[in-house]
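Chain A is already provided as a structure; the job is to place chains B and C on it using the hints.
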Amino acid sequence: MKDPAQSSTDHQENPPSASVSTVPLWIFALTLLLIFLGTVYFDHHSGWFNPQIYSPFENEAQLEAYQPKSGSAAMIARGKQVYEQICGICHGVDGMGKPGQAPPLAGSEWVNASSYNRLAHIPLMGVNGDITVEGKDWNMAMAAMGASLSDADLAAVLSYIRNSWGNKSAMVTPEDVAGVRAAIGKNPVPMSAQQLEKMPQ
Amino acid sequence: MNSNDIKPVPTSQVDASCRLPLLALFGGSALWLVLGLLLELTASLQFHAPGIFSCCPWMTYGRVLPAANDLLIYGFAIPTGLGVMLWVVARLGQVELVLPLVSFAGANVWHLGVLVGTLGVLSGHSTGYAWFEYPRVAAALLLPAFMLVAVSAVAAIGQRRIRDLYPSHWFFLASLLWFPWIYSTAFVFLLVWPVRGVAQAVIDWWFASNLIVVWLSLVGLGISFYLLPKFSGRPLEGRFTALFAFVTLLLFGSWLGIPQGAPVPFWLPASSILAGLLFSVPVLVVAMVCARTVCGAPAGCKGGPFCQVKFGTAAFVLSGIWTVAQACPQFAHSTLLTTFDLGRIHWQIFGFFAITVMGGFYELFPRVMASPLPLPGLPRFQHWLFISGALVLAASLAVAGLQQQSADFILARILPAFRASSLGWTLLFIGSLIFALNVFIMTIVWVVGIIKTVIGAIKAPLAVAEVKP
Amino acid sequence: MKNGFSVFCVALAALGLSWIGLVLGPVLQLGHESLTTVLNSTDPYPIQPAGAATLGLQVYKANGCAACHTEQVQQDGVVCNVVLSAPGLHPDDVSNLLSQLDLNGLTDQEASIAAAKIAAVGGKTEIRVASTGGDMNRGWGLRRSVSADYLYDQPVQLGSVRIGPDLADIGTRQTDAKAILAHLYAPQSCTAGSLMPSFKFLFVTRKVQGSPSPDALALPQAFAPPDGFEIVPTQDAKNLVAYLMNLHVNVPLYEAPFTPSVAANK
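Residue numbers (our numbering), protein chains in the order written: chain A, 3 to 203; chain B, 92 to 560; chain C, 28 to 293.
This is chain A alone, in the form it adopts within the complex (with noise of 0.2 Å):
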C-alpha cells in the first residue's frame, strides 16, 4: 500500500491493468457439467411450467394419480350438489321437508332402509299416493326424474341423503344403480308406497 501523502503529489498514478491469460479449459467443462445437471434435475421436477404443479407433485400423471376420484367423500359433495339443485326444492336444504310439499328425508324409513332397492326406485319412477313417512302420513306425488339424472349422479344423491342429517347407512354406488335402472327398464310409472313395500329393501 502507497502512502497517501505520496500518491496525492502531483503525479499521475496509473490504474490497474489486467492480464490477457486465456480462461482455463475445465470451467467451461464445470459449467457444462452443471448446466446438464441442473437441467436433468428441472426435467424431473420442475413440470415444464404447468402452472398446476406445485411440490411435492412433480407432473401431471401424479397429481392425477393422487385425486381422491374413488372416495366417498367426493361422491357426497357430488351428491349435496345434485341434492340442493333438484331435490332440495321440495324437500328442503336441511332435508327436513316442506309441509304441503314434500316429506322429510332426515330420519326417514324410506331412505335409511338397510338397501337401497325400494329407495332407487322413488327418484327413477316416482311415487303417488298414501305414503307414511316417521309415523305422518303424506298424500301428494313426486314425479320421476330418473331420465335427467346418470347413475353416478343419483347414486352420489342418494349415499348422500342416506349420509346426511343424522342419517348413517351404507353408500350407494353408480353400479347398484344402473342394476335397478335396467330392472325398470323404460316405462317408469310412478309407484304407491302399497307396491314399494311389496319389493325387497
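Because the hints were derived from the structure by calculation, they are not lab data.
Do not take every clue at face value.
Computed from the model, here is a short list of chain A residues facing chain C with C-beta under 7 Å [what the hints assert, rightly or not]: (1) Gln-54; (2) Ala-67; (3) Ala-172.
Stretches of chain C that chain A covers, calculated by requiring three or more beta carbons in the stretch to come under 8 Å of a beta carbon on chain A [to be verified]: (4) 106-116; (5) 275-286.
Glycine is no exception: its CB is placed at the ideal position from the N, C-alpha and C atoms.
Same frame as chain A, but now just chains B and C:
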C-alpha cells in the same frame, strides 16, 4: 492499452473533483448506517424483553425491523457503493469526475427518499413487500435520484482516457442498468398497477434477490477488482476469466430468489434451484481471479484497506457457497422459513459488501479530502468490529435457523441464538460510529476550511481597499 | 468487451432473460388467474373476503406481522390411507386381512393393491388422500398453500421467517374472536414466554360507564385493567381479527388434493 490525446490530469485533481458528490453520498449513508443499526438493535431487544414497546406503534417490531433493513440497503449500502464507484471510475478514467453537481443533487434526493421512506414505514405506511417497504412517494424519489448519479457515473466512464474498458467498468455499468430496471419493475408491478395474487410475491423475491445478490455483488466485485490489483501491485489475473465471471454472475445470479416451498407452481422454485447450482461457477471463478491476483503480492495488508478488501472478497465467496448450499433441495428443506436465509443476507450485506466498500472508503477518503484521517487508528478497529459483528450476526442467525426446523419450533432452543444476534448488531453499531465519526469530522474540518478561505477572501480585498485611500 | 455498448448489451440480455422468466412469466401465468372450484364440487374458490377482513389485511401489513409470521403452509408429500367403509358378508376374513396389511401412508399404487385385496374378500374400502409434512403434523393446514389461496390479497403477505406460527390456517384453528383479541393485547397471557410483542395500541382502556361493553376483553388477573376500567378493541383490532379468522387452508383443490373428512355431513 492505448491512451488518447487527452492530457493526463494529476491524480490529486481527479480525487478532489469527487469531493462534493462523495461527501453528500457518504454523509447521508453514515447517518443511515448508524440509525439503521440502532433500529436493528431496537428490534432485537424484542428477543430480550417482548413487551417493551407495546404502547408505541412506531416502535413495534414489525415496523422497526423493515425500516432498519431498508436503511441498511437503501440508506447505507447503495449510496456508499455508488460513492466508491464514482471515485474508482474517475481514477480509472484518469480524468476529473464530470457532472459532479448532478450526482451531488442525486445523492441529496436519494437521502431525502430514504428519509421519507423510513418515516413512512415507521408510521405504518409500508407497502408490505419485503425489501421494498418504502411507500410510493419515497420510491418515486429514489428512482430519479439513482438515475442522476448513474448519469454522472456513465458520463465519467465515457470521458475515460484509456479507451479499453477495465473489468471493473463492466461490473459498474451493469449495476447502473440493473438497479433502475429491477426497481422500476417492482415499482410498476407492485405499487402502480399491482398484479393479482401471488405474482406479487414472485416479483418481490426477484427484486430482492437481484438487489441483494446481484447488485451488491456487481458493485462490491467492481470495487475489489480495482483495489486488489492496485494494492497488491500486480495486474488482475485474467481479463477473460473476469469476463467469464461477469457474464455468468449476470446470467445465473439473476434467476435466484424464489424460495423452495413457496406457494407458486414448482417451475419457479425449480428455476432458482437450477440457477443456484450454476451460481457456483461465478463464485468459483471470482475466487480464482482474486486469489491469483493477490497471491505473491509484494505488499502485505497490515490491517489497512487492503485487508478489508481481501476479507470482503473472501466473504463474497463464502456468501456464494451459502447461496449454492441453500439451493440444494435437501438442505433447503431443513432451513426453510427460518432465519438461516436472513443470516446469508446479512452476511452478504456486512461480511461482503460493507467491509469491501469500507476498504475503498478508507483508501479514497483521505485522498479525496486531501487531508489525513483524523483518527488514523480507528479504521483498523472498525475493521475488526465489522468482521466480528458480521460473523456473530450471520452465525447466530444461521444457527437459529438450523435449530428451528430440527427442533420443530421449540422457542427455548432458538432463543439463545436470537439473543446472540444482538451482540452482532452491537459490534456493528460501534463500528458504524467510527465510520460516521470519520466522515463527519472530515466534513466539518473541510467546511471550516472553506469558511476560513471565504472569510479570508472577503477580508483580503477589504484590506486592500483600506490601504488605498 | 472493449466498449460500453457491448457491456450494456450483455447486461441487457442477461437481465432481460431473467425478467421474462421470473417477472413476465409469473405475471401472465399467475397474475391473470381466475377463480377455481373446490375439488369435486362446483363451489367457487376462493370466496371474496368481507370488507372488515380486507381492511384487517391493511392493519396486518402496516404493523409488519409478516416479519414474524408466514402465511404459507408447507407440504412434504402426499399419501393414501385405505379405510374400510363396509365389512361386507365375511367380516372375519376382512378383519383378518386388515391386521396383515399396511393401510396407512401408502402410494397410490400400493393403496389400490390393498383395496383390491380387501375387495377380494368382500370388504368395501375407501382410499383417502392426505398431505404430509411438519405443518400437517402441527395442525397448521390440511394441504400446502397454492397460488389460488391469495387471489384476493392485496398485498400478499407470505412472510419469510417463522418466529411465530404460520397463520395461513389460523381461522380454522382459532374460531374465537375474543381469544385472538386477548392474544393481541397480551400475548403472554395466552402463551407464557411468548416472544410476540403486545399490540396494546390497538386497544383503548376506558372507564366502565354503566354496564360493561360487550366487546371488553376478559383477561387473567395479572393482565386485567384496574377495577372500574375495561379494555375494548379499536376498529382496527376488530378488522385485524376479522382478517385472521378468514384465513383458511382447509378445502381440497385440484392442484393440492386431499380427501376431506365428512364431518360436515355427520
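Now the hints, each set against the structure:
{"no.": "1", "hint": "Gln-54", "in the structure": "holds, 4 Å"}
{"no.": "2", "hint": "Ala-67", "in the structure": "holds, 4 Å"}
{"no.": "3", "hint": "Ala-172", "in the structure": "holds, 6 Å"}
{"no.": "4", "hint": "106-116", "in the structure": "holds (count 3)"}
{"no.": "5", "hint": "275-286", "in the structure": "holds (count 7)"}
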